[in-house]
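Required output: the full structure, derived from the provided sequences and hints.
The listed protein sequences correspond, in order, to chains A and B. The numbering of the first sequence is my numbering, which starts it at 1 and goes up by one. The numbering of the second sequence is my numbering, which starts it at 1 and goes up by one.
Please note: incorrect hints may appear among the correct ones.
[Said to hold, decoys possible] Here are some chain A residues pointing at chain B (derived, C-beta under 8 Å):
1. L47
2. D84
3. R149
4. A162
[What the hints assert, rightly or not] Have a look at the derived ranges for each label pair, beta carbon to beta carbon:
5. A:K176 x B:E114: 38 to 46 Å
6. A:N24 x B:T133: 25 to 33 Å
7. A:K106 x B:I212: 32 to 40 Å
8. B:M1 x A:L129: 25 to 33 Å
9. A:R121 x B:T203: 53 to 61 Å
10. B:G144 x A:R70: 31 to 39 Å
11. A:H32 x B:L51: 43 to 51 Å
12. A:R121 x B:R131: 47 to 55 Å
13. B:L78 x A:G103: 22 to 30 Å
14. A:L129 x B:F39: 14 to 22 Å
15. A:R132 x B:I200: 57 to 65 Å
16. B:R131 x A:D84: 18 to 26 Å
17. B:V45 x A:H180: 25 to 33 Å
18. A:V60 x B:R131: 15 to 23 Å
[Unchecked claim] These stretches of chain B come out as covered by chain A in the derived footprint (C-beta under 8 Å, 3 or more residues):
19. 113-121
20. 127-133
21. 137-143
It should be emphasised that the hints constitute simulated quantities derived from the structure, not laboratory data. Ideal placement from N, C-alpha and C gives every residue a C-beta, glycine not left out.
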Amino acid sequence: MSLSVKIRKKMDSFVLDVSWQMNNELAVLFGHSGAGKSLTLQMIAGLVEPDEGKIRLGDVVFFESKAGTRLKPQDRHLGYVFQDLALFPHMTVYQNILYGGYGISKTEKESMAVEMMRRFRIAELRDRLPGRISGGQKQRVALARALMRKPRVLLLDEPFSALDASIRLGMGRLLKEVQHEFNIPVVLVTHDLHEARALADRMFVYSAGKIIQSGRPDDIIHLPESQELMDLVESSAYRTQEPAAIWADPLRWELNRTP
Amino acid sequence: MDFASWFSLRLSLQVASMATAFVLLFGVGLAYLFAMKDFRGKEVVDMLFTLPLVLPPTVTGYYLIVLFGRKGLIGRPLFEATGWSFMFTWQAAVLASFVVALPLMIKTVRAAIESVDKNLIRASYTLGHSRFTTAIQVIFPLAGKGIVAGTVLSFARAMGEFGATLMLAGNIPGKTDTMPLAIYSIAGSGEWSKANAMVILLTVISGLLLYIANRFGRRLI
Numbered sequence: 001m002s003l004s005v006k007i008r009k010k011m012d013s014f015v016l017d018v019s020w021q022m023n024n025e026l027a028v029l030f031g032h033s034g035a036g037k038s039l040t041l042q043m044i045a046g047l048v049e050p051d052e053g054k055i056r057l058g059d060v061v062f063f064e065s066k067a068g069t070r071l072k073p074q075d076r077h078l079g080y081v082f083q084d085l086a087l088f089p090h091m092t093v094y095q096n097i098l099y100g101g102y103g104i105s106k107t108e109k110e111s112m113a114v115e116m117m118r119r120f121r122i123a124e125l126r127d128r129l130p131g132r133i134s135g136g137q138k139q140r141v142a143l144a145r146a147l148m149r150k151p152r153v154l155l156l157d158e159p160f161s162a163l164d165a166s167i168r169l170g171m172g173r174l175l176k177e178v179q180h181e182f183n184i185p186v187v188l189v190t191h192d193l194h195e196a197r198a199l200a201d202r203m204f205v206y207s208a209g210k211i212i213q214s215g216r217p218d219d220i221i222h223l224p225e226s227q228e229l230m231d232l233v234e235s236s237a238y239r240t241q242e243p244a245a246i247w248a249d250p251l252r253w254e255l256n257r258t259p
Numbered sequence: 001m002d003f004a005s006w007f008s009l010r011l012s013l014q015v016a017s018m019a020t021a022f023v024l025l026f027g028v029g030l031a032y033l034f035a036m037k038d039f040r041g042k043e044v045v046d047m048l049f050t051l052p053l054v055l056p057p058t059v060t061g062y063y064l065i066v067l068f069g070r071k072g073l074i075g076r077p078l079f080e081a082t083g084w085s086f087m088f089t090w091q092a093a094v095l096a097s098f099v100v101a102l103p104l105m106i107k108t109v110r111a112a113i114e115s116v117d118k119n120l121i122r123a124s125y126t127l128g129h130s131r132f133t134t135a136i137q138v139i140f141p142l143a144g145k146g147i148v149a150g151t152v153l154s155f156a157r158a159m160g161e162f163g164a165t166l167m168l169a170g171n172i173p174g175k176t177d178t179m180p181l182a183i184y185s186i187a188g189s190g191e192w193s194k195a196n197a198m199v200i201l202l203t204v205i206s207g208l209l210l211y212i213a214n215r216f217g218r219r220l221i
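Here it is in structure tokens:
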């Protein structure tokens, strides 16, 4: 299934104007904060409406300004992992995941939730409230909840930014697995170049509401087409707190692959 | 306390309970509307519902007579159709308490709903849940303390309603004399010992309600 996004929205002094396409792969929207990456996700999800453009997943048109098509977020059948994860604080881990199973019969939903918790190694947290579990665990709950409905596209808004390096690696691996297993378009927003490079099949580089380059991550990093991107690549290499090696080292990547 | 005092207490509790039930029903709905929806004239509508909070209750009562009196805008067709009027009935006391207590519920619950993390609401939508399910499963439970506080405050306000009730329901002994009205009559006729008992009782009830609101609801003061 292919996801195509062509959107334009003017906000105060900022204009988002991007157009991109992807297939059943993991695409990363990369760039500084405020570049319009999260806004793009919100528009795909139907939480924010573009001024004009078209968003289409397979044969389903989510949004088309000319035809007046505006599918409600509820009807887009997508999984969305928010930056703050947005776990319901008054529901247990199990209830949170169950809540993701909209439109599925009760018994099926329950067995799916149990399977999800086993799969994401959170079974022992079943009756805990989100306030009483760690950041990495919350992450997995949010992912499990988003996947319950077998979404047709998965959107992730910097979900790993609050985690430390070793957990991020595990989450990245989990995300890759999920992408292969569900075989759907997965869109990950990040401002971390190492994360982008380690995970992306395809990368779209955002800057001030525009895409300044797109392609395979290695090509982008080795052949930046603009001074702006060169600066972005350089600043990422220096600014990142964690050692770049943790993402870049293929051996460690492989070692961590088998649980 | 004599029989008449006990009657007043029972009437007050009955009126306040019924008024609070209606306040809960309409107040939570209106609070949701004000907190979640943007529509033209929203602040004007909000202002109209809030007015009874700041107007002298007698003025609110006067408006209610204009609306619900036997010759009122709503009262006249109601009287012509059924032969029944709100005026000088205990139902009028419920209506007066309802109108005066409603803004307390709306304000408290609106603030509570507005403080619910917007991402949680959006998350519920992206998971496929309707606005209604989201309200019931996510918004109201998370605004629960505000709803508890609003309910208790409304009940306390309804228990203490005087001015609007006097205008609309009158002060008919054995029929519409709720505790505040009975206290007014008794004090006026100089029966101090009876007045003392009722005043203390009403103070204790109201104090208890505030304690409950603070203990189980959102902190109010």
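Query raised in the report: Is it true that the C-beta distance of B:L78 to A:G103 lies inside 22 to 30 Å, as the hint says?
Result: 45 Å, violated
Query - Coverage assertion for the stretch 137-143 of chain B with respect to chain A, Cβ distance below 8 Å, three residues required - result: holds (count 4)
Query raised in the report: Measuring from beta carbon to beta carbon, are B:R131 and A:D84 in 18 to 26 Å?
Result: 21 Å, holds
Query - Satisfaction of the hinted span 25 to 33 Å by the C-beta atoms belonging to B:V45 and A:H180 - result: Distance hint for B:V45, A:H180 is violated at roughly 53 Å.
Requested in this report: Given the range 47 to 55 Å, decide if the beta-carbon distance of A:R121 to B:R131 lies inside it.
Outcome: Given range 47 to 55 Å: violated, Cβ gap about 34 Å.
Query raised in the report: Going by Cβ atoms only, is A:A162 closer than 8 Å to chain B?
Result: Where the cut-off is 8 Å and the nearest Cβ of chain B is about 14 Å from A:A162, the hint is violated.
Query raised in the report: Okay, B:M1 versus A:L129 on CB: inside 25 to 33 Å?
Result: 48 Å, violated
**Report entry** A:D84 as an interface hint toward chain B, with CB separation required under 8 Å
**Finding:** Holds, because the Cβ-Cβ distance from A:D84 to chain B comes to roughly 6 Å (cut-off 8 Å).
Query raised in the report: So the hint says 15 to 23 Å: do the beta-carbon atoms of A:V60 and B:R131 match that?
Result: 22 Å, holds
**Report entry** Distance restraint evaluation - A:N24, B:T133, Cβ atoms, bounds 25 to 33 Å
**Finding:** Since the Cβ atoms of A:N24 and B:T133 sit about 31 Å apart, the hinted range of 25 to 33 Å holds.
Query raised in the report: Is it true that B:G144 and A:R70 lie within 31 to 39 Å of each other by Cβ?
Result: Check passed, 33 Å falls within 31 to 39 Å.
Query raised in the report: Holds or violated: the stretch 127-133 of chain B covered by chain A, criterion of 3 or more residues with Cβ-Cβ distance under 8 Å?
Result: That given contact holds, which follows from 4 residues of the stretch 127-133 of chain B lying within Cβ reach (below 8 Å) of chain A.
Violated hints, in rising order: 4, 8, 12, 13, 14, 15, 17; the structure is consistent with all others.
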